[in-house]
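Novice: Residues per chain, in single letters:
Protein chains: 2
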Amino acid sequence: MKVDGKHFRSIWFNQDTGRVQIIDQRWLPHEFRVVDLVTRADFAASIRDMWVRGAPLIGATAAFAIAEEMKHDASDTNLDEAWEELNQTRPTAINLRWALNEMRDMLRDIDVQDRAAMAHKKALEINDEDVECNRMIGVHGLEIIKKIAARKKPGEVVNILTHCNAGWLATVDWGTATSPMYHAVQAGIPVHIWVDETRPRNQGALLTSWEMNSHDIPHHLIVDNAGGHLMQHGQVDLVIVGTDRTTAHGDVCNKIGTYLKALAAKDNNVPFYVALPSPTIDWTVRDGVAEIPIEERDDNEVTHVQGKLPDGSIGSVQISPDGTPGANPAFDVTPGRLVTGLITERGVCAASPEGLAKLFPERVQG
Amino acid sequence: MKVDGKHFRSIWFNQDTGRVQIIDQRWLPHEFRVVDLVTRADFAASIRDMWVRGAPLIGATAAFAIAEEMKHDASDTNLDEAWEELNQTRPTAINLRWALNEMRDMLRDIDVQDRAAMAHKKALEINDEDVECNRMIGVHGLEIIKKIAARKKPGEVVNILTHCNAGWLATVDWGTATSPMYHAVQAGIPVHIWVDETRPRNQGALLTSWEMNSHDIPHHLIVDNAGGHLMQHGQVDLVIVGTDRTTAHGDVCNKIGTYLKALAAKDNNVPFYVALPSPTIDWTVRDGVAEIPIEERDDNEVTHVQGKLPDGSIGSVQISPDGTPGANPAFDVTPGRLVTGLITERGVCAASPEGLAKLFPERVQG
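The listed protein sequences derive, respectively, from chains A and B. If you're matching positions, the first sequence starts at 43 in the working numbering and goes up one per residue. If you're matching positions, the second sequence starts at 43 in the working numbering and goes up one per residue.
Just so you know, not all the hints are guaranteed correct.
Chain copies aren't distinguished; within one or between two, either way the pair holds.
Here are the simulated lysine to aspartate or glutamate pairs, EDC-like style, with alpha carbons at most 20 Å apart [to be verified]:
#1 Lys44 x Asp364
#2 Lys350 x Asp364
#3 Lys44 x Glu174
#4 Lys164 x Asp122
#5 Lys195 x Glu185
#6 Lys44 x Glu73
#7 Lys163 x Asp118
#8 Lys164 x Asp118
#9 Lys163 x Asp58
#10 Lys113 x Asp84
Note that these hints are calculated values from the structure, not bench results. Quick caveat: nothing in here was measured; it's all calculated off a predicted structure.
For reference, chain A alone in the conformation it holds in the complex:
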């Protein structure tokens, strides 16, 4: 999508320098920094320390990591070691393991001397596929927004609430939850976005707001507490969020707090959609609440808040008293029963075993 009017992806291979480059998202929205990823340690740190984040982008980054690794040592040993190290960087996003497996499974079957070239090609393909998946999510999601707009008076905005950043910054391009929004804007439908700030890391405030600003999309930043009240008062027409892992039964693991918004949507008859490229589906898991391990992050993220200081530098403030510990589960699971539909690259389906089976019959085990 656009940064100062110029097209960017969130990760790309720079043909001139022969290096993978990313937008280092730790500095957004206050600074726009592009950095090279060279060593395996660079790639691992970029995922673990959230220079890049978002399930699809994590997968795309891991694919490039394996490709770059193959350029200097294409042995089975190195392939396995790289797989292991990268797989441990973030526990929740299933796309990470999916991309690592895609790369390894393909590379195992070919000669060592061919691996570097093939891995490079495959990583580019995985990146392009993510863009195409997300574009198609936008095409299908646009139909949902069109139907809501059709029930409104001409010119009346469609109010969409989103949580965290499932924007183009969380993917290679387009975003998942944001793709229908960008498509709606391109189709001339007036939208207004309620952006959940998404504590503790404030991805909504920092990233989704920045995306909306960059594309001149009307939006308001709200605290995570506010969505229920807005829904009670008819100020939300639909919710669209992303996901880090979706189960075969349609349960959705996403940024902590998503579950609360789904409950509020249900209580107020507001449609609640989850946008996802199919690599986000973990076909091995059924009951998300019981089976998905939830990443527990540093409590410093809870006790402190980072942002821009009055002098323009980036700093953080401590909000809690000295001695108060924090607890920091990073994700929660929204049961499929609370989800109106899953928006995938193949279309929209119910968040249920049957719904997913209809769209992905090849994945259903007989």
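Given the structure of chain A, go ahead and fit chain B onto it with the hints provided.
Specialist: Relative to the frame of chain A, chain B by itself:
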């Protein structure tokens, strides 16, 4: 309750100086400051700008404001002007209007020369009554905690989640939601408190955590997004919150985000209690969602976060990009259907017209 082991109320009349003093809560937990309130403007600012906050404490402060006002001009005109100015400081807390009416109704009927003395006496009574109400809320709430503790193994903690600060800092003493917690600790029941940070103003992080620290009560600070996940995993035994206004039908207006926690509690069969002294009940209102006006505060509270800088000074960071507007509804309404019970000074009742009528038969209009 206690500050560094010494007993404090949140507001008191200092006999030595003849002045009303408060804890200026804007600096907690990082600094403990006591200030005098002298002029009507002082009192109005202390409520409007949240040097004091919490429905019961706002009422107690307003009572003292009228009392001090009577000492230099006890005329009807001044009484009415003071009533008007103070009534406009905060729109949601019904206790404010209740305390102002209690004072004015009493003063109207007595001679101007007697008003100063009578107003002073009445303000002290309103303060003492608040303390006694809250103590009784603790006595009744303790029974609920005892029953939960009785189902646990010996020594196993009772996990209580609370939102915002309905602590002693929100009242004259004891607090509403915290009174059962303090009583449980005094009764030797091991409790652990999940403290919602309560964006945008972080009263949980700043004030409730500070109260828990001051009384050595085990607790963890969590983001407002986390409670649903904790409930899904059996880590919350009950929720107790306060309220700024309760309707005659049992709907509960409280700090924004309370509704989301009530939905999660319902979805996970976690008991959800609301603690309130009866002046918090607005007998003129029935449907809280439709009838209670919600205070919309400055969006600066959403786009910025205040806390302690690394050098120990108090400062704020901007979390959003320049140009992103915020929306800041300060309260929401939890329908009575989601509330397990109301804990009042007279006992616990259902959050329904019938439940309230049983405890407060004198208020039921025939």
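Novice: When no copy is specified for Lys44 and Glu73, does a C-alpha distance of 20 Å or less occur within a copy, between copies, both, or neither?
Specialist: Within one copy only: 15 Å inside a chain, 45 Å across chains, cut-off 20 Å.
Novice: When no copy is specified for Lys350 and Asp364, does a C-alpha distance of 20 Å or less occur within a copy, between copies, both, or neither?
Specialist: between (22 Å within a copy, 10 Å between copies)
Novice: Treating 20 Å as the Cα threshold, decide for Lys44 and Asp364: within, between, both or neither.
Specialist: Between copies only: 17 Å across chains, 42 Å inside a chain, cut-off 20 Å.
Novice: Is it within a copy, between copies, both, or neither that the alpha carbon of Lys163 lies no farther than 20 Å from that of Asp118?
Specialist: within (19 Å within a copy, 86 Å between copies)
Novice: When no copy is named, should Lys113 and Asp84 be tagged within, between, both, or neither for a Cα gap of at most 20 Å?
Specialist: within (15 Å within a copy, 71 Å between copies)
Novice: Cα distance capped at 20 Å. Does Lys195 pair with Glu185 within a copy, between copies, both, or neither?
Specialist: within (18 Å within a copy, 54 Å between copies)
Novice: At most 20 Å between alpha carbons: which applies to Lys44 and Glu174, within, between, both or neither?
Specialist: Within one copy only: 17 Å inside a chain, 61 Å across chains, cut-off 20 Å.
Novice: Quick one: Lys163 to Asp58, C-alpha cut-off 20 Å, is that within a copy, between copies, both, or neither?
Specialist: within (17 Å within a copy, 83 Å between copies)
Novice: Checking Lys164 and Asp122: alpha-carbon separation at most 20 Å within a copy, between copies, both or neither?
Specialist: Classified as within; 17 Å inside a copy, 78 Å across copies.
Novice: For the identical chains here, do Lys164 and Asp118 meet the 20 Å Cα criterion within one copy, between copies, both, or neither?
Specialist: within (17 Å within a copy, 84 Å between copies)
Taken one by one, the earlier hints all hold for this structure without exception.
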